[in-house]
Amino acid sequence: MGNLKDRYAIVGIGETKFGKLPESSGLALALEASKKAIEDGGFTNAEIDGLLTQQPYLNPALMYSSWIAEGLGVNPKYTTDLNIGGATPISMVAHAVLAIEAGMCETVLCVFAEDALTGFKTPTHGRHRWGTEDFERPFGKNMPPGLYALSARRHMHEYGTTPEQLGAVAVTMRKHAAMNDNAQMRDPITIDDYLKSRWIVEPLRLLDCALMTDGGAAVVVTSAERAKDLKNPPIYIMGFGQGFTKFHINHPEKSLTSFQAIEGSKKRAFKMADITLEDIDVAEIYDCFTITVIITLEDYGFCEKGEGGPFVEAGKIEIGGEFPINTHGGLLSQGHVDGMNHITEAVKQLRGVCGKRQVKDAEIALVTGHGGEASTSHSTLILRR
Amino acid sequence: MVDYKRPLPIPNKDTKEFWDGCKNHELRIQKCQNCVRYRFEPSFICPWCMSLNTEWVKVSGKGSVNSFAVYRQPSEPAFADMVPYVVALIELEGIGVRMISNVIDCQPEEVKIGMKVEVVFDDVTEKVTLPKFRAVA
Numbered sequence: 001m002g003n004l005k006d007r008y009a010i011v012g013i014g015e016t017k018f019g020k021l022p023e024s025s026g027l028a029l030a031l032e033a034s035k036k037a038i039e040d041g042g043f044t045n046a047e048i049d050g051l052l053t054q055q056p057y058l059n060p061a062l063m064y065s066s067w068i069a070e071g072l073g074v075n076p077k078y079t080t081d082l083n084i085g086g087a088t089p090i091s092m093v094a095h096a097v098l099a100i101e102a103g104m105c106e107t108v109l110c111v112f113a114e115d116a117l118t119g120f121k122t123p124t125h126g127r128h129r130w131g132t133e134d135f136e137r138p139f140g141k142n143m144p145p146g147l148y149a150l151s152a153r154r155h156m157h158e159y160g161t162t163p164e165q166l167g168a169v170a171v172t173m174r175k176h177a178a179m180n181d182n183a184q185m186r187d188p189i190t191i192d193d194y195l196k197s198r199w200i201v202e203p204l205r206l207l208d209c210a211l212m213t214d215g216g217a218a219v220v221v222t223s224a225e226r227a228k229d230l231k232n233p234p235i236y237i238m239g240f241g242q243g244f245t246k247f248h249i250n251h252p253e254k255s256l257t258s259f260q261a262i263e264g265s266k267k268r269a270f271k272m273a274d275i276t277l278e279d280i281d282v283a284e285i286y287d288c289f290t291i292t293v294i295i296t297l298e299d300y301g302f303c304e305k306g307e308g309g310p311f312v313e314a315g316k317i318e319i320g321g322e323f324p325i326n327t328h329g330g331l332l333s334q335g336h337v338d339g340m341n342h343i344t345e346a347v348k349q350l351r352g353v354c355g356k357r358q359v360k361d362a363e364i365a366l367v368t369g370h371g372g373e374a375s376t377s378h379s380t381l382i383l384r385r
Numbered sequence: 001m002v003d004y005k006r007p008l009p010i011p012n013k014d015t016k017e018f019w020d021g022c023k024n025h026e027l028r029i030q031k032c033q034n035c036v037r038y039r040f041e042p043s044f045i046c047p048w049c050m051s052l053n054t055e056w057v058k059v060s061g062k063g064s065v066n067s068f069a070v071y072r073q074p075s076e077p078a079f080a081d082m083v084p085y086v087v088a089l090i091e092l093e094g095i096g097v098r099m100i101s102n103v104i105d106c107q108p109e110e111v112k113i114g115m116k117v118e119v120v121f122d123d124v125t126e127k128v129t130l131p132k133f134r135a136v137a
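Those protein sequences? They're chains A and B, same order as listed.
Under the numbering used here, the letters of the first sequence match residues 1 to 385, in that order.
Under the numbering used here, the letters of the second sequence match residues 1 to 137, in that order.
Be aware that one or more of the hints could be misleading.
Said to hold, decoys possible - Away from chain B, derived, C-beta distances all over 10 angstroms, residues of chain A:
| no. | residue |
| --- | --- |
| 1 | Asn75 |
| 2 | Glu136 |
| 3 | Arg137 |
| 4 | Pro138 |
| 5 | Phe139 |
| 6 | Gly140 |
| 7 | Arg154 |
| 8 | Ile200 |
| 9 | Arg226 |
| 10 | Phe244 |
Said to hold, decoys possible - Now the in silico label distances, taken between C-beta atoms and shown as ranges:
| no. | chain 1 | residue 1 | chain 2 | residue 2 | range |
| --- | --- | --- | --- | --- | --- |
| 11 | B | Gly96 | A | Phe120 | 37 to 45 angstroms |
| 12 | A | Glu133 | B | Lys23 | 13 to 21 angstroms |
| 13 | B | Ile45 | A | Asn83 | 22 to 30 angstroms |
| 14 | A | Asp279 | B | Pro47 | 32 to 40 angstroms |
| 15 | B | Asp105 | A | Ser255 | 45 to 53 angstroms |
As the list claims (entries may be wrong) - Straight-line Cα separation of at most 27 angstroms, BS3-like style, residue types lysine-lysine; simulated pairs:
| no. | chain 1 | residue 1 | chain 2 | residue 2 |
| --- | --- | --- | --- | --- |
| 16 | B | Lys112 | A | Lys305 |
| 17 | A | Lys246 | B | Lys112 |
| 18 | A | Lys356 | B | Lys116 |
| 19 | B | Lys127 | B | Lys112 |
| 20 | A | Lys121 | B | Lys5 |
| 21 | A | Lys246 | B | Lys31 |
| 22 | B | Lys16 | A | Lys246 |
| 23 | B | Lys116 | B | Lys13 |
| 24 | B | Lys23 | A | Lys196 |
| 25 | A | Lys246 | B | Lys5 |
Calculated from the structure, these hints are not laboratory results.
A virtual CB, placed ideally from N, CA and C, is assigned to each residue, including glycine.
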């Protein structure tokens, strides 16, 4: 396997609506997003020979990729479920590339969907173990805001990060979502609204937290060669990487204020892409909480460690700012489909079809994924048009 | 005590000694007999040197608050009567071990990062005791 840079491409994308969709099961959402991605790529179901998914968090299912394949009438040569938390969507794209490179299949569908908003309270046949049942949950700690509250508090303590700086992330995401027809929350908010929103886990307020969403998104990956004469222009995969640190928040080597999994992931992806941070035109940063964005920007080196708060407060992350991020509104305002929507949005930006929220002349996009107990896993994807 | 409705740990083969210790009002932590590092959560092998040679050691239970969060709404309904309450990451003194627990017997506003605390055992049911922490007087 030689250098994989630019040898594979995302050629189809699909998104369901995001929000409250009581009529749709999680599986229905996965099938809808998949159908849209397959058709956007100009494929039939018979042409999809690889399928990757991530099990829904709230209604887990064994061999879920085979449920989706059956539902779509896809007969995969290669299929499996992956799970490294919110780093999974990018990991799916990476695994798709590796599977095609290894000759296992040619055209791979990657999909994530769930009915997290309206399915949350419906009866299920089982739940995932979070790995926190014995040593965290009995003390009334919740998942996942309880983790990021600890991170935010410590970040405030070490670097003087303020509530207004966290709020700046929330306000910017909402501003971007207002320019996106397919966003769950589009009514503008102010810093004052942010400060008045109720505590979820102090120091995190309601508007610090990603949404609960019914929805899904999917992409189709194939070789650059196959991508040449398809329906939409190929968006090339320049680089990808993954990184990991300890799982539990109580591990003594784990930092609350730095996402240690970023270092390796970033290094591997930028090395493969052979570019630097300055080459990035637009970024879709995993934003499960406002603090996640601030720490991620620091740990990638877009600003100095501890300067993430002032960086976001200065408006740099807005469309039109020097470093626009989460142009779709992110998990905070577009909807939380585990960051699969970060990949579809990056593709749209590079296709240049984002209308009012289009970043001018966007050529290279960065996408990040992030999972576990306040950064256990991290994934990086670099795309270009 | 009989009516305790909150989620409880389920001791297993790896963790039983820890919970038995709590029941006896002792904080027992694993210590590798090869590389002499303490570790928590309990596990079968030492994650630093992979030695199986482990002993359970009674530790002082003194420590400090590394970070904390204040719950003004419960993590789940069973904790509703506890609000407001504090969930903290406690750093145990001198042994490189951290654990999630509650800081109790004070107002949330009194909790600060770096605050010195000590373990206090809460016999929540006849079978289960939870190690919690309070400010050192």
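So, going through the hints one by one against the coordinates:
Against chain B, the non-interface label of asparagine 75 (chain A) holds: every CB pair exceeds 10 angstroms, the least being about 41 angstroms. The claim that glutamate 136 (chain A) lies off the interface is violated: its Cβ sits roughly 5 angstroms from the closest Cβ of chain B, which falls inside the 10 angstroms cut-off. The beta carbon of arginine 137 (chain A) sits about 5 angstroms from the closest Cβ of chain B, which is not more than 10 angstroms, so the claim that it is off the interface is violated. With a closest Cβ-Cβ approach of about 5 angstroms to chain B, proline 138 (chain A) is found to fall inside the 10 angstroms limit, against its non-interface label.
Interface exclusion of phenylalanine 139 (chain A) from chain B breaks down, the closest Cβ pair being 5 angstroms apart, not more than 10 angstroms. A beta-carbon of chain B is positioned within 10 angstroms of the beta-carbon of glycine 140 (chain A); the least distance is around 4 angstroms. Consistency note on arginine 154 (chain A): stated as away from chain B, yet its beta-carbon is not over 10 angstroms from all of that chain's, at 4 angstroms minimum. At the 10 angstroms boundary, the C-beta of isoleucine 200 (chain A) falls inside the reach of chain B, the nearest C-beta of that chain being 7 angstroms off.
Taking the minimum C-beta to C-beta distance to chain B, about 44 angstroms, the non-interface status of arginine 226 (chain A) holds against the 10 angstroms cut. Distance check for phenylalanine 244 (chain A) against chain B: the nearest CB is about 14 angstroms away, which clears 10 angstroms, and the non-interface claim stands. About 38 angstroms separates the C-beta atoms of glycine 96 (chain B) and phenylalanine 120 (chain A), a value consistent with the hinted range of 37 to 45 angstroms. The hinted range of 13 to 21 angstroms is satisfied by glutamate 133 (chain A) and lysine 23 (chain B), whose Cβ atoms lie roughly 19 angstroms apart.
Restraint check, isoleucine 45 (chain B) to asparagine 83 (chain A): a C-beta distance of roughly 24 angstroms satisfies the suggested window 22 to 30 angstroms. Between aspartate 279 (chain A) and proline 47 (chain B) the beta carbon distance is about 38 angstroms. The supplied range of 32 to 40 angstroms therefore holds. About 29 angstroms separates the C-beta atoms of aspartate 105 (chain B) and serine 255 (chain A), a value inconsistent with the hinted range of 45 to 53 angstroms. Taking the CA atoms of lysine 112 (chain B) and lysine 305 (chain A), the gap is about 23 angstroms. The hint holds against a cut of 27 angstroms.
The suggested pairing of lysine 246 (chain A) with lysine 112 (chain B) holds, with an alpha-carbon distance near 26 angstroms, which does not exceed 27 angstroms. Among the hinted pairs, lysine 356 (chain A) with lysine 116 (chain B) is inconsistent with the structure: their alpha-carbon atoms are about 53 angstroms apart, more than 27 angstroms. Distance restraint check for lysine 127 (chain B) and lysine 112 (chain B): the Cα-Cα separation of roughly 32 angstroms exceeds the 27 angstroms cut-off, and the hinted pair is therefore not satisfied. In summary, the hint linking lysine 121 (chain A) to lysine 5 (chain B) is supported, as the alpha carbons are separated by about 20 angstroms, within the 27 angstroms threshold.
Our distance criterion of 27 angstroms between C-alpha atoms is met by lysine 246 (chain A) and lysine 31 (chain B), whose separation comes to about 19 angstroms. For the hint pairing lysine 16 (chain B) with lysine 246 (chain A), the CA-to-CA distance comes to about 23 angstroms; that is within 27 angstroms, so the pair holds. Pair hint lysine 116 (chain B) plus lysine 13 (chain B) does not hold up; C-alpha atoms about 32 angstroms apart against a cutoff of 27 angstroms. For the given pair, lysine 23 (chain B) sits about 43 angstroms from lysine 196 (chain A) by alpha-carbon distance, which is inconsistent with the 27 angstroms threshold.
Proximity of lysine 246 (chain A) to lysine 5 (chain B) is assessed by CA-CA distance (about 31 angstroms); at most 27 angstroms being required, the pair is judged violated.
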